[in-house]
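Could you build all of it, start to finish, from the sequences and the hints given here?
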Amino acid sequence: MAAVVLHGNFSIEIFDPTTTEWARWLQRFQAAVKIFKVPTEQQVLYLLHFIGTSAFDVICDKLAPADPYTATFETLVTSLAEFYAPEPLEIAENFRFHQRKQKDGESVKDYVAALHKLSARCNFGAYLKTALRNQFVFGLASSRAQSRLLEMKDLTFEKAIQVATSMELSEKDTLQLQNGSTSVEYIGSKDKKTEKKTQRKRKPPAKFLKGKGESVNGGKPNANTNANSNVSCFRCGGSHLATKCTLDRSVKCLNCGTPGHLRKVCMAAKRAPANQVEEILVVEHSEFREKFFETITVEGKPLRFEVDSGAAVTIVSTHTLRELSLLKRLQPTTLQLITFCKTPIKIAGVVPVMVSGRGTKIKLNLYVSNVEREPLLGREWIRQLHIRLTDTVNTINTSRSDTEYKMTELLQQYRNKLDPHSTKIRGLQAKLTLKENAKPVFLKARTVPFKLLPLVDQELQALVSKGVLEKVNTSRWATPIVPVLKKDNTVRICGDFSVTINPCLLIDEHPLPTTDTLFANMAGGEKFSKIDLQQAYLQLEVREEDRELLTLNTHRGLFRSTRLMYGSASAPAIWQREMENLLQGIEGITVFLDDIRVTGPTKEIHLQRLKQVLQRLGDANIRINESKSEFLQDSIHYCGYRIDRSGIHKTTDKMQAIDLMPRPKDVTELRSFLGMVNYYGRFIRNLSTMLTPLHELLQKGVNFKWTHKCEEAFERAKRSFKSDTVLAHFDPKLPLILATDASPYGVGAVLSHRYPDGTERVLQYASQSLSKTQQRYAQIDKEAYAIIFGVKKFHQYLYGNKFTLYTDHKPLVQIFAPSKALPAYSAMRMQHYAIFLQGFSFEIKYKSSKQNANADCLSRLPMSTTTTAERDVVDIYEIGMLHEMPVSADKIACATEKDVQLKSLLTAIREKKEIPVQMRFNINQAAYSVQQGVLLCNRKIVIPSQLRDRILRELHKNHFGVVKMKALARSLYWWPGIDKAIENLAKNCDICNTVRNNPPKAEIHEWEPAEAPFERVHVDYAGPYMNMYFFVFVDAFSKWPFVRIVKNITAETTIKICKEIFTDYGIPKTMVMDNGRKLHYKIKLEDGRTWERHVDQIRKRGEQRSRHIEPYTGVYDYEPEAKEEPAAPGDAAEPNCAQRDQEEEQGPEALQPTQAREARAPDPGQRRDRPVR
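Numbering (UniProt numbering), first residue to last: 1 to 1173.
Be aware that one or more of the hints could be misleading.
Unchecked claim - Straight-line Cα separation of at most 27 Å, DSS-like style, residue types lysine-lysine; simulated pairs:
{"hint": "1", "residue 1": "Lys-252", "residue 2": "Lys-301"}
{"hint": "2", "residue 1": "Lys-486", "residue 2": "Lys-628"}
{"hint": "3", "residue 1": "Lys-252", "residue 2": "Lys-264"}
{"hint": "4", "residue 1": "Lys-363", "residue 2": "Lys-628"}
{"hint": "5", "residue 1": "Lys-913", "residue 2": "Lys-810"}
{"hint": "6", "residue 1": "Lys-772", "residue 2": "Lys-980"}
In short, the hints are calculated from the structure, not lab data.
Quick look at the structure:
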């Protein structure tokens, strides 16, 4: 390889994606390469050097395991462009364009430039100038200029810019005139008391300097300039202006050799000499300048810092903060930082973060800068994390215990074993076995909400870059994805395998450890550790021949999973077996899926066992979640028990729902409580006597007054729930039952064992008060949340065991049934819950409210909780969608309450009522949800009739076509008949009609030549003209036209005129017309001849003749009631009035040909001798 030649003057700023677009930076880089003539074989090295650390990490991940230095220049540019400049979404770009307003202090020219930049990807086409003009006027900050532009007719974009710029300049000039100064300013003068060192001001030329209203050059020449001592000539140093200097311009400076000035005023002598970094690296000993790095976990994510003891604080770039998903938590700060060279650093803000490293967890301040560079670890963190600055930086302050020091060393050794370029487990592959005669199942992709599309695309790209997914074109198996929102505003890609591979799999069977096994392994321990594995299933690779089974169908096509996916029925057993095989032989450990528990009788043995576990995990490249792992703890909790050095103890939280149950406040709550007591009545002695004071409150005519006796009865009943006759110990051999219920203000869950005699005994109670946001949920959402609450509360009992789930809400039995696919158009919250439940083995059943009394009581008398989150991720998503609406959520909710159609639907969803399908527009009721009083259907906002016109106007604001408006509306809004409303809006828009393309011409039907008069005639209408119409009747053989002037074009008028023509000339064999209503009439003739209506042909003969008639119709006077006839040789005699009246009364029968007269046509040879009237 040839030596790299460093070009000392080659300099370009490091690529910063937060401030520079990739395409523009690349254009400048390529220009610099050409200017400094960098050889082709060295361009890759220069590119990888100047893209910066962040982009370098991106290209390494995308090309892994290949070395980016071996790739071609074109490959690097293409890969970086795919990441930093992906193809934009046209609808989203349009949205950003129309949201752009002129900012405070922004000039008109800057505002115009910003609009041009935003419109580049909007695909406006011929509408570009109009769109720019409209948005320019709408977004102007000056109401005065905006009013002026709105008054102007035929306003163009260029004219609008000219007027706005002129008004902007006039306002500035007026302000300067009103606030004019009378002081004199000279070039080179300084006021050291008031001058700011960080600002440089350009002084105006001398000829524009004014004082007391006169020009500096006015009056006597050089009166002010030459005499003022504050003026210094930059050529010779004299007290005069440089323009008046008499120094010879050819004189060269003895310092820099540049002509035109003397050495004493040479600017080069005042500058400190500087060398390029590349030049220094060539001269000095670069091998001793390696940086010190330290990896610290920030908010659960490992981050590598450069240790810098010269930095007072720890600082990262905005790009790094975005990767940590902490940008929204950025807070302002007044801290000012400067570099070693006294250059100020712009601080974007500060973020308080939870930091864990070297066995310490502490909340510290992380400062953020707009400068793109590697994170710096400053003195503030170094001291608080007790990091000693030695050659290795991998030591801890000696004041800390020796055990903690060894624990930190173990973790560091484990990290060093991990492969930084791959996340898959070494040497292990999962095998999926199909049943015999299993048939492939291919399901189409589900629609992804518009707002989630960028997040799903980003996650798919990340999984592909990590090797978890790979793009394929065809597959026999396909499972639709369900995106699940996470708290950090990202999504997790899950597959709905319940109806694809799960029914076709021979499910692996491997037992999970029982509580007895855990207690036996943990007994006698002094300290306890819990290791949590990070995204466990996604680390285990699947065999090549089985990967097709896990193919995901997305809006971007098919992606085949190379790793074991969550939701696969065999995944828990496969993972448990592989982990037990990996860690077998190590004493004092228990593996429960992604949870590893470790203990030992002494600290030394505990650390030795931990070392063995971490060493095996590191050798297998299995990653742990350090933020969720706990080391060297005094106790651990499992299945309602606390385990410590003293033994096993019952926990009090399993009875907390009973202990903190509030007393009933009304008859409804009292009945619910008594229902729970009666549910376990067979286990409670003297039940009726104990509850007598409470039963008295339910009698008619008795006021609900809570007495001391009622309180005693209530407390005795609560104590009975905690007695050994009602409670039971967990036994993995007995069936598990989970009963849940929800009330308007709380949720409850009871976990029980079912014994062979059919009785149920309680393992644990749980209840929770709903937050204000949750109380506004639809009832189906509350019932679903009660299930999720119960499953999460009793996770240690339920995970890995099959259980029966009872609910008193029938629709949830269909939605959450494990054997049925998740409804494609169910509410987003239901999809999240269903995906979560896919990891459990259960059977869901319906139980009426009376039979579900135990859970019903806990939901109506929930204990007061303060830890309930106010909003979950679905709430945040839906509220964000409402805030983007052109109408506020309060107005939509108010209009929904007044809407006749939607009010009943809204009430039914809130009150857990099933309504007829017609009242819910033939849509599954599970697809509806309520957020802040607004009705949602399939993640779209249901617009009430009062606001639909306003929404339509907003959709058509930029005169999009029908297709674009429908695409935009379908992602945000819905109401019955929205598609038809959009079509009518576009059809009736005058502006759209002026630019609409003509419809495509249909293929012309060529008729065969007629062989006789009236063998075929063509009929059509022309007009309207002067509020009248022309009936045109053309014979195909003679080309002779018959024209009648009529007032209307109804079928009755058509029949009347045809009767007249048929009476005079006979009935044609074939009659050709279009499919208009005016000609839509069936007539059967007795002699077998018929009228043939040709609906697909162009109205050729009649329309061609109409074009010849219309230009001449205005020349003749006519009477509308008069009968117009063609004057032709051989005209038949006019029938008398009586005969015509008889024909009109007979209707279609009068059109039969008479026996006395043959059908005759006019002489074609004379048809042009008479004018058409």
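Verification of the supplied hints:
no.: 1; hint: Lys-252 with Lys-301; verdict: violated, 61 Å
no.: 2; hint: Lys-486 with Lys-628; verdict: holds, 17 Å
no.: 3; hint: Lys-252 with Lys-264; verdict: holds, 12 Å
no.: 4; hint: Lys-363 with Lys-628; verdict: holds, 16 Å
no.: 5; hint: Lys-913 with Lys-810; verdict: holds, 11 Å
no.: 6; hint: Lys-772 with Lys-980; verdict: violated, 38 Å
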